[in-house]
Amino acid sequence: MRLFSDITDITDGIDSNVWRAIDRAIEKNSFESFRVLKSFVRQILQLSVRNNSPKHFQRYIFFPSYFYSVSYEKAKRNTALSALHKTCSEQAAMHLKEVIWFDIGYEGRKHQSIEEKKTTNHFYYWGFQGFSRLLFYIVKNGDINQFRFAMDEYEQISEGNYNQHFQLKWNIRNLERENTDGKNDDIIKEKKEELKVLKEFDNYKRHVLTGIKYWIFFLYQVNKINEETASQFLERIKIPYTDSEDLLKDILFFRGNAINYYMGWNEWDYTERHSGKVYSPPTPYQWMTSGFFADQIREKRFYVNVNELDSEEISQARFLYDELKRNSEFYETNFEKWKILLLVNNIEELQEKSKEILKDFAIVKRKSITDTDKDIALAPLHQPFVANFKKTIGDAWKSQARIHRMFRHFGNTVNVNNQDIELKHIGQRTFFEKAKMMFTEQNNQMIYGVDRMGGEKGRWEDNYFFSVIRQTEFNKVSGTNVLEVLNEALTELNKKQIIPSLILVAPEYSYKDDKFLMSERFVSKMKEPQSENELAQFCIGTYDGIPVYTSLSDLLNNTILVCNFNHAFQMLYKTNPNWYEDVLTVDVIEVTDNEAQRILEENRAKWTTLEDGGILTDEEALLLIKTSVIIDIWTTIEFKVLNKEAYIIGYIKSETEE
Amino acid sequence: MNLFRSNSNWLRHKTIAYLKEKHLALFEPYHKSSIRYFRNFISDSKQWWFVLLFVISLFTISPFINFDFLNFLEISSQTAIYIVDQRTANIATIISITLVVVGFILNNLAVKSPLVYGLLFRKSLLYPIIYLTLSVIGIFIVVSTLRDTLSPFTFTRAVLTGTYLAIIILFLIGMLFRTVFLFSNEKEIDKMLEEELIIEAKNNLKRILIKKHSEELFVSLMSEKGAKEYDWSEAWGSVELSTIKVKEVSTDEIIKHKEKVIHDINLDCISNFISKKKATEQIFYRKLGLETTTTEVNNFVWEKSKANTKWEKKKLRSSLSLKNKPKKEKDNEAMRKFFDQKLEQLSEQDKHRNIEQHLESYIKLYELQMQNQK
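Residue numbers (this note's numbering), protein chains in the order written: chain W, 61 to 718; chain G, 3 to 376.
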């Protein structure tokens with residue numbers, strides 16, 4: 061609540077009156093009054109989005125988290141209120157979800173220009189902050205059931221125009237691929253700015269989860285929650301990382317200056333402070349870093365490519381290394397306390413993992429150019445290592461490019477080598493700093509986790525597929541759970557006399573939805589082994605005899621695809637004997653002199669400044685640049701919808717009141 | 003005076019024109035607003051003199067005017083003498099019954115609060131009707147006393163006027179009953195209160211906007227003229243400590259600087275003032291806006307490190323139209339306060355249906371604010 065009145069606002073003060081009324085309604089156990097007041101709050105939020113008034117939005121967006129928190133406190137003292145508390149907490153998560161997803165999303169879709177999108181992002185930011193606050197209260201109360209419910213709601217939130225964002229990303233990657241002489245520099249810069257705006261939604265959504273996750277680690281560190289609760293909470297948090305670079309960007313962002321006021325994290329505190337005593341609340345800067353380290357050990361998902369960073373971020377990254385090192389020492393000394401949460405069996409494993417993570421970050425700590433660097437810069441690529449790398453990347457790609465393999469399996473593909481058709485390149489050209497050491501005969505060193513680059517491209521392919529099939533007009537159904545949606549989709553297809561051959565769901569459904577798993581029509585592959593084929597690995601069973609597959613694409617969250625795969629879609633592709641299994645381009649290219657020069661011009665400060673403030677000469681900097689390599693990874697394909705009647709996309713929405 | 007200022011030399015006119023373009027929803031059509039203004043004026047309990055003067059003047063001019071359509075009644079002076087007492091008694095009876103009935107209804111008002119009483123008095127025109135009736139009775143008493151003094155014609159005319167007025171009073175009392183009865187219905191009262199809330203909010207919003215936009219217009223004019231807003235950072239370095247002299251200010255001078263409210267600003271005057279200055283140094287100004295209270299009324303534009311002359315101060319003063327600061331601030335938020343209290347009561351009593359309706363009024367306020375805040 062605010063302390064100062066705003067004399068230029070005729071509604072000033074209504075919010076605190078309404079809040080008092082809500083408080084009283086909860087106190088009096090009055091469902092009806094609560095319902096009325098809660099819908100008022102929602103209406104104001106809607107109005108403020110529609111009329112573009114962030115001021116009023118901010119005044120009301122925290123109300124849902126207050127319902128939850130206040131009703132929890134009151135129900136603790138008076139058990140008669142527990143039913144109302146349940147309603148309050150469910151409504152809190154549900155409303156926040158709907159505000160972000162429907163209310164802001166609906167208005168947001170009307171706006172197309174970048175400036176307008178920025179305004180929408182502003183609302184998203186506050187919306188997510190509201191949700192973040194709710195999660196904070198839930199964790200504070202150790203309320204694991206409510207946490208699961210809230211996370212279910214949270215995961216449903218989507219922006220709805222992922223396509224645009226996806227197209228743009230693809231566009232940039234393409235431009236970068238062709239940008240060997242720097243002709244696309246300007247347009248890439250412009251598009252990247254645009255992408256930054258479009259990505260904000262995903263960033264906020266991810267940051268809320270990261271924030272609460274790291275906070276849980278912190279609470280455990282200060283003994284505010286026990287091990288069991290903490291691991292229950294942590295198990296339920298899944299952070300969607302579509303791009304590996306996001307992770308690095310995130311941690312650097314969390315350590316930047318903006319963090320002090322971001323998402324209200326600076327207000328998070330784990331204990332009631334006595335008045336009159338001087339104290340400093342936990343600083344996000346610190347607990348975010350130690351949480352990050354703990355999370356890395358727990359989840360293990362990292363490879364570093366510092367190319368994307370600007371010099372400000374690079375300097376942040378250098379301090380990060382020292383901080384992480386302190387953290388690794390901390391976890392090692394307190395190994396017994398942490399081993400369960402960090403999911404490590406023995407101290408050796410912890411040390412091993414810490415070492416790998418620290419190694420990644422050591423790259424950004426640029427001391428000076430050494431003789432080893434010079435040797436690496438001048439050495440040729442050792443072909444066996446390159447071939448080996450291609451295979452690693454290829455295997456990783458293959459394990460994730462599920463849609464691609466489905467097409468190959470079902471055979472609805474056309475090889476267009478001989479035709480003059482432009483296909484899409486799904487993948488990326490990456491400038492990988494300091495990575496040449498992976499490919500030189502002497503001084504050879506592996507970089508941990510690079511295979512993920514391959515897996516990532518595989519997921520992009522799946523993403524691209526889902527974005528293509530949603531671009532054209534398509535048939536859709538919706539329902540409140542998987543079974544309902546599935547049955548409806550099957551009936552629809554039946555009406556059109558189309559025999560479905562495949563169902564695609566997100567992998568969570570192999571364990572998450574009991575109703576679905578217990579259904580008689582579903583036969584799990586555990587019970588009845590399927591015929592072994594190359595898709596068996598991501599088949600979870602059959603439903604009505606139709607195989608159910610999973611894909612790792614984020615675009616599949618809360619949706620289901622039911623189709624006759626052969627009739628509905630087609631994949632065009634090109635092959636080349638030099639590519640991995642003839643389809644995946646993996647190339648490792650040395651940085652030429654010209655290119656090195658261009659990269660140096662682009663960001664001179666970054667390449668010439670040393671950690672201790674010293675300056676490299678141009679020759680030295682060029683050598684340094686040449687310790688990097690350029691890695692191309694992409695497939696050359698295109699997906700086509702042959703018959704839009706032959707597939708249905710089902711949306712799962714949780715029940716909503718209004 | 004206002005009439006002279008309705009051109010774009012004057013800030014108020016400019017601001018209002020701008021607001022009418024951008025925020026038309028806040029403005030009522032002219033005839034509606036003037037009727038409302040008159041009603042509010044007449045229904046104030048302090049306006050007894052206006053009604054009395056009106057009635058006296060009617061009686062006074064009655065011998066001199068001659069409307070043909072009112073002349074179909076033939077009353078001889080004898081009849082007039084005969085009926086004058088009766089009319090007085092009639093009106094007295096009517097008013098006494100009226101007061102009893104109104105008193106009874108007031109007792110049984112659905113919502114009892116000073117604000118609702120005030121609203122009832124205003125809406126039903128109770129005060130002016132009572133004043134009118136009393137004035138008519140008073141004058142009838144005077145006329146009947148003067149029956150032998152006045153000429154038969156004047157006397158007859160006076161009685162006739164009184165009779166017509168008595169008939170009008172009957173109608174007015176009928177209207178009064180109709181409105182007063184509405185007040186026994188809570189829903190009707192809520193409707194009226196909401197209406198009042200919105201009117202109040204619109205007025206407040208208008209005042210906020212006038213202040214804001216007038217400041218903006220003022221600032222844009224000044225920057226057009228190359229002047230710069232003065233702030234404390236300008237003083238840094240320009241003042242050497244040794245040159246500061248403490249000047250004694252007499253009590254008279256302090257009193258002279260009484261707080262005034264700016265009603266209007268003549269933009270033309272000020273821009274001429276700046277142009278004529280032919281300044282070599284930067285010109286500074288202090289930001290002014292309509293409805294702002296200030297003491298700085300003759301020295302708000304000056305050239306850097308150069309004081310204005312007396313003549314210049316006079317010119318600056320004359321470009322402003324000022325009002326005295328009202329001794330008692332009018333409560334501009336009476337309705338809001340009432341609504342806020344009401345919400346508190348309703349939630350205390352857990353009346354969710356009423357709360358719902360109540361919140362709808364708040365939503366209207368929010369809509370108004372959000373749509374007009376830019």
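One or more of the hints may lead you astray.
[Said to hold, decoys possible] In silico contact screen, one side only, chain W against chain G (beta carbon under 8 Å); selected entries:
(1) N77
(2) S90
(3) Q103
(4) P114
(5) I675
(6) T677
Calculated directly from the structure, the hints in this document are not laboratory data. Every residue, glycine too, gets a C-beta built ideally from N, C-alpha and C.
Residue hint W:Q103, partner chain G, criterion CB-CB below 8 Å
Hint holds; W:Q103 Cβ to chain G Cβ min 6 Å, cut 8 Å.
Regarding the hint that W:I675 lies at the interface with chain G, is the smallest CB-CB distance below 8 Å?
37 Å, violated
Hint status (Cβ of W:T677 to nearest Cβ of chain G, threshold 8 Å)
44 Å, violated
Interface hint compliance - W:N77 to chain G, C-beta minimum distance less than 8 Å
Because about 5 Å separates W:N77 from the closest Cβ in chain G, which is inside the 8 Å limit, the hint holds.
So, W:P114 near chain G? Judge it on the closest CB pair being under 8 Å.
W:P114 check fails; min Cβ-Cβ to chain G is 11 Å, beyond 8 Å.
Given W:S90 as an interface hint, is its Cβ closer than 8 Å to any Cβ of chain G?
5 Å, holds
In the structure shown, a violation is registered for the earlier hints numbered 4, 5, 6, in ascending order.
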